[in-house]
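Trainee: For reference, the chains in residue letters:
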Amino acid sequence: MNSIINEVLDNVKAENELKEKTIQFLKASLSEDNTSNIIEFKRKSKVQFRKLVLIACTFLVTLGLSIAGYATYQMPVAYVSIDINPSVELGINMFDRIVSAEGYNTDGKTVLSACDVRNYDIESAVDRIVEVATEKNFVAKDGSSVISITAETNDQNFADRINSMSNNGVKKAIGRSNYKVTIQIDSVSIGTREEAQKLSISPGKLKLIKKLQQLDSTVTVEQLKNSKVSEIMSTIKTKKVEAKAIEKANKAEEKKKGATVKKNNDKIIKPTPKPKPAQKPKATTKPKKNLKVTPAPEITAIPEVTPEPTPKVKKDKKSNE
Amino acid sequence: MTDSTREKDKMISEAIDKYADTVRKISFMFLKNMPDVEDVFQEVFLKLLQSDVQFESEAHEKAWICKITINKCKDLCKSYWRKNVNSIYEYEIPVEDKVKSELFEEVMKLKPEYKEIIYLFYYEGYNVPQIAKLLEQKENTTYSNLRRAREQLKLKLGGTDYEFDY
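Sequence order for the protein chains is A and B.
So the first sequence is numbered by the working numbering: it starts at 1 and just counts up by one.
So the second sequence is numbered by the working numbering: it starts at 1 and just counts up by one.
Hints were generated in silico from the structure; no laboratory data involved.
Hints should not be assumed to be uniformly reliable.
[What the hints assert, rightly or not] The calculated BS3-like cross-link candidates involving lysine-lysine, where the alpha carbons are at most 25 Å apart (straight line), are:
(1) Lys13(A) / Lys67(B)
(2) Lys32(B) / Lys62(B)
(3) Lys13(A) / Lys138(B)
(4) Lys47(B) / Lys62(B)
(5) Lys10(B) / Lys32(B)
(6) Lys27(A) / Lys111(B)
Since the model is a prediction, treat every value here as computed from it, not as a measurement.
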C-alpha cells in the first residue's frame with residue numbers, strides 16, 4: 001500500500017496557476033502600502049472594544065443583580081414580636097431569616113444589645129433572645145412568666161410557620177434553663193402592627209390590651225404600656241372572672257324579676273277573659289240566679305237589638321193584604 | 001521596489017517552492033473543490049509568513065505545515081455546505097493502473113481522521129508517536145485510528161496484501 005500511495009501522491013503537484021494566484025495573494029496581503037494590516041488592526045480594536053463593552057455589561061448586570069438580591073434579602077416580609085417584658089420585634093425575610101431586630105422598650109434594647117440575631121433562622125433567633133432574657137432575669141423562676149409570641153403577617157400559613165418555629169425556639173431555651181413559662185401564641189395582621197408602632201408598643205401587647213379593654217373600658221394603652229405580659233394576662237383573667245360573676249348575678253336577678261313579672265301578669269290577665277259573642281246573649285237571656293251580676297253597659301244594650309217587633313211587621317203585611 | 005518588498009517577495013517564493021507540493025498533496029486527499037484548495041493555499045502560506053513560531057529545524061517546519069494544512073482541510077470538510085452540496089469539481093487520480101487507482105479511491109473515501117493518519121504514516125513516513133504529537137492526540141487514539149483505517153481498506157479490497165507493521 002505504501003508504494004501505491006507514494007506513486008499516486010508523487011504525481012500530485014501544485015499547479016502553476018495555483019502557485020501564481022497564491023503568490024499574488026500573499027504579495028497583496030503582505031505589502032507595506034496595503035490596508036489589510038490596518039483593517040486587521042481595526043478589526044482587532046473593534047473586537048477589543050466589543051469585548052470591553054461585553055465585560056462592562058456583564059459587570060453592570062452582575063452588580064445590578066447583586067444589589068437587587070441583597071435588597072430582596074434585606075427586605076422583611078413578616079415580623080415576629082416576643083413579649084416577656086422585654087418586648088422585641090424581629091423582621092423576617094422571604095428566606096425565613098432575621099434581617100432586623102428592634103427593642104420596643106428599654107428591656108428589649110438591653111436584650112438586643114447582648115445578642116445580634118441578624119441572619120439567624122427564626123428558631124435560633126428566638127432561642128437566643130429568650131436565653132439572654134433568662135440570663136438577665138427577665139424570666140421568673142417560679143413559672144409565672146408569660147412569653148407572648150406574635151407573628152405579624154397577612155399570610156396565615158406563614159404566620160403558622162413563624163409561630164411554630166418561634167415556639168420551638170422558646171421551648172429549647174427554656175428547656176436548657178429548667179425554668180417554666182407559659183407560652184402565648186397569636187398572630188396579627190400588618191395593619192395591627194402599624195397601629196402598634198404608632199403607640200410604640202409591640203403588636204402582641206396591643207392585642208392583649210385590646211382584649212382587656214373589651215372587658216374593662218376604663219383601661220388605656222398608656223397605663224399598660226410598660227406592664228409585663230403576665231400582668232396583663234392575669235388582669236384579663238381576673239376581669240373575665242369578675243365579668244362572669246357579674247353576668248351570673250345579672251342572670252339570677254333577671255330570673256327573679258322574670259318570675260315576679262310573670263306572677264303579676266297572671267294576676268292582671270286572668271280576670272279579663274275574652275268574652276265569647278255567643279255567650280253574651282246567654283248571659284243576658286238566662287242569668288244565673290245565685291250570682292249577682294251587674295250587667296255591663298254593652299251587654300244591657302244587646303236586648304234592645306234583638307228583633308222583637310217582627311210580629312208587628314207580619315201583622316202589617318197581613319193587614320196590607 | 002524597496003529592499004523590504006524584495007525580501008518579502010523572495011520569502012514568498014521560497015515558501016511556495018518549498019511547501020506548495022506538500023500542501024497540494026494534503027488538500028488533494030481531503031478536498032474535491034478547487035476554490036477550497038485555493039483557500040487552503042492562501043491561508044496556510046499567509047499563516048506561515050506571518051507566524052512568529054521559531055522552527056527548530058526544517059522537519060519541524062514541515063510538520064507544522066502538515067498540521068496547519070490538515071486542520072484547515074478538516075475545517076472545510078466539516079462545514080455544512082460542503083457536507084451537503086456535491087461539488088462540480090472532479091478530481092482525477094494521477095495513476096494509470098486500475099487496481100492502484102481503485103485502492104487510492106478507497107483511501108479517499110475514508111473519514112478525515114483516518115485519511116490524515118494514512119497520509120502521515122504511509123507517505124510522510126512518520127511513526128505513531130510522532131503522528132500523535134503532531135495531531136495533538138493520545139498515542140492510543142492514533143494506533144486505533146490507524147488500525148481502523150487499515151481494517152476498512154482491507155474490508156473493501158480484501159486480502160492481506162496491504163498490511164504493514166507499525
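Trainee: With reference to the structure, classify each hint as holding or not holding.
Mentor: Hint-by-hint comparison with the structure:
no. : hint                 : verdict
1   : Lys13(A) / Lys67(B)  : holds (19 Å)
2   : Lys32(B) / Lys62(B)  : holds (23 Å)
3   : Lys13(A) / Lys138(B) : violated (32 Å)
4   : Lys47(B) / Lys62(B)  : holds (13 Å)
5   : Lys10(B) / Lys32(B)  : violated (31 Å)
6   : Lys27(A) / Lys111(B) : violated (35 Å)
Of the numbered hints given earlier, the model fails hints 3, 5 and 6; all others are met.
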